Amino acid sequence: MKRFLFAIFFILSTVISLRAQNSDPQVNVTIYNDNLGVIREIRKVNLTKGTGFLELGNVSQQIDATSVRIKFNGNVLEQNYQFDLVSMTKILEKYIDKEVMLIGEKDEVIEGTLLSIANNQAVIRKKSGGLTLLPNLSKYRISVDALPEGLITSPTLKLLLNANSGGSQELELAYMTGGMTWHAEYVAVLDKDDKYLGLNAWVSIQNNSGTSFKNANLKLVAGEVNRIQDDFNRNQHAPTMYYDTMEKSSGGQFEEKEFFEYHIYNLQRPADVANNEIKQIQLFDGSGIPVVKKYRFLSDYYSAAGKKDVNVIVEFENKEEFSLGVPMPKGKVRIYKSDGSSLEFVGEDAIDHTPRNEKISLKLGNAFDIVAEEVMEDYKQISKNTYESTFIVKLKNRKKEAVTINVVKNVGYNWEVKNNNLAFSKIDADTIEFNVAVKADGETELKYTLRYSY
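Residue numbers for the sequence shown follow the numbering used here, beginning at 1 and rising by one.
I should point out that these hints are in silico values taken from the structure, not numbers from a laboratory.
A hint or two may mislead.
[As the list claims (entries may be wrong)] Below, a list of computed lysine-lysine pairs in the DSS-like style, where the Cα atoms sit at most 25 Å apart:
(1) Lys90 with Lys49
(2) Lys139 with Lys126
(3) Lys195 with Lys293
(4) Lys195 with Lys447
(5) Lys293 with Lys380
(6) Lys127 with Lys106
(7) Lys308 with Lys426
(8) Lys293 with Lys332
(9) Lys192 with Lys332
(10) Lys94 with Lys139
(11) Lys308 with Lys447
(12) Lys330 with Lys293
(13) Lys319 with Lys380
(14) Lys319 with Lys257
(15) Lys394 with Lys447
(16) Lys195 with Lys90
(17) Lys337 with Lys399
(18) Lys359 with Lys307
None of the values given here were measured: they were computed from a predicted structure.
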């Protein structure tokens, strides 16, 4: 019988798959924050009435096969996920005990039966009966008769269907996949007086699912979705259907919607989501947002004595009247300010998912010209379960303008503040704060006694 030889690289690029071919499917891609995507496609397929097989290719390489949902005019009797993909190693493994041809760098030909293939090495039994040992297969081109049965070029769903009607019709395919995630990133610019900022929000979408999706209807879900992992590390629980509720413009290319206890950002145009790509799309752009710059000194109860850092904090409110008022997904915020000739980076922080009308506080770094020194001046036992500690916090301001420093103290439980030279306020059950005014190039001393009992 005449032998037809195909080079391995040729096989990899020209495999013909006997499956249903679908042109231009309608694709909906929903991406979550935590390595999860939900894909829903409408495909046109040709079916024969009654029972038969259908193969659906071009599905994600990280598909959760247990999450697949098929909807069409009929019933799904069986579904199989096939992922034994074509590779040189797998082709040669299936040619064990079969004839192969190797062509060397000088066009020398070795023909025989492949006995072993491992670690880029092979053992060939020649037609004469002798053995050829090849320690380095990279020096050879390898030809075989045909593609072995069972190997495919892309992950495939093989379905056993019972169709109620034959001919061309639509089939809906939905499934969950790993390898997809997104996060928000924000760029803020402070004005020269640190009174207002402009805020530009972007979403970064990463697709490492192994599959590209063209002209997709793209949705991003913000929120923490509970997921359960089984023994095979497959994610089995997440929403696969979506219902629109209240709609609100996010001020950019996305339309924001409330969904269950989460928020969905729906891109108002089709987008390509290519494999191994990071895509950035603007979420919204705000300007003239009022900010408050604060200086904050944090002190735990057991803080060691000595000089401490004073944090620089910028706060603003996520309100519509301040050009915002939209749910802000968690992400990194980078802040810049002009030095008169160019924008310079002044700090960054991260925010969590933030509803509208909530305050956002960003730590940018530590103040260079403000020094805090804290010492426990006295410690004594008042009774068996009662103790007193006296603290002194010396705040030095070497700036040219007066500042107010927010001193925050973790005080534990069953506490009482005594003999304080400045007023304090209670933040919560175990935290108090003092707002300490310090003149330009001046110093202010805060002193108080903390009584606590067990």
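Status of each hint after checking the structure:
1. Under the criterion of a C-alpha separation no larger than 25 Å, the hint pairing Lys90 with Lys49 is inconsistent with the structure, at around 36 Å.
2. About 19 Å separates the Cα atoms of Lys139 and Lys126, which keeps this hinted pair within 25 Å; it holds.
3. For the proposed pair Lys195 and Lys293, the alpha carbon gap of about 8 Å is at most 25 Å, so the pair holds.
4. Between Lys195 and Lys447 the CA atoms are separated by roughly 32 Å; this puts the pair beyond 25 Å, and the hint is violated.
5. With a C-alpha separation of about 38 Å, the suggested pairing of Lys293 with Lys380 is violated against the 25 Å cut-off.
6. The hinted pair formed by Lys127 and Lys106 meets the criterion: a straight-line CA distance of about 21 Å does not exceed 25 Å.
7. As the CA atoms of Lys308 and Lys426 are separated by approximately 22 Å, the hinted pair is consistent with the 25 Å bound.
8. Taking the CA atoms of Lys293 and Lys332, the gap is near 19 Å; set against the 25 Å cutoff, the hint holds.
9. Only pairs whose Cα atoms come within 25 Å are accepted, and Lys192 paired with Lys332 is accepted, the gap being roughly 23 Å.
10. Distance check on the hinted pair: Lys94 and Lys139 sit about 21 Å apart at the alpha-carbon level, within 25 Å; holds.
11. A hinted pair counts as satisfied when its Cα atoms are at most 25 Å apart, and Lys308 with Lys447 qualifies at roughly 16 Å.
12. A hinted pair counts as satisfied when its Cα atoms are at most 25 Å apart, and Lys330 with Lys293 qualifies at roughly 22 Å.
13. With a C-alpha separation of about 49 Å, the suggested pairing of Lys319 with Lys380 is violated against the 25 Å cut-off.
14. For the hint linking Lys319 to Lys257, the alpha-carbon distance of about 17 Å falls within 25 Å, and the restraint holds.
15. At most 25 Å may separate the alpha-carbon atoms for a hinted pair to count; Lys394 and Lys447 meet this at roughly 9 Å.
16. Between Lys195 and Lys90, the direct Cα distance comes to roughly 64 Å. Violation of the 25 Å bound is thereby established for this hinted pair.
17. Distance check on the hinted pair: Lys337 and Lys399 sit about 19 Å apart at the alpha-carbon level, within 25 Å; holds.
18. Only pairs whose Cα atoms come within 25 Å are accepted, and Lys359 paired with Lys307 is rejected, the gap being roughly 30 Å.
The structure does not agree with the numbered hints 1, 4, 5, 13, 16, 18 stated previously, though it agrees with the rest.
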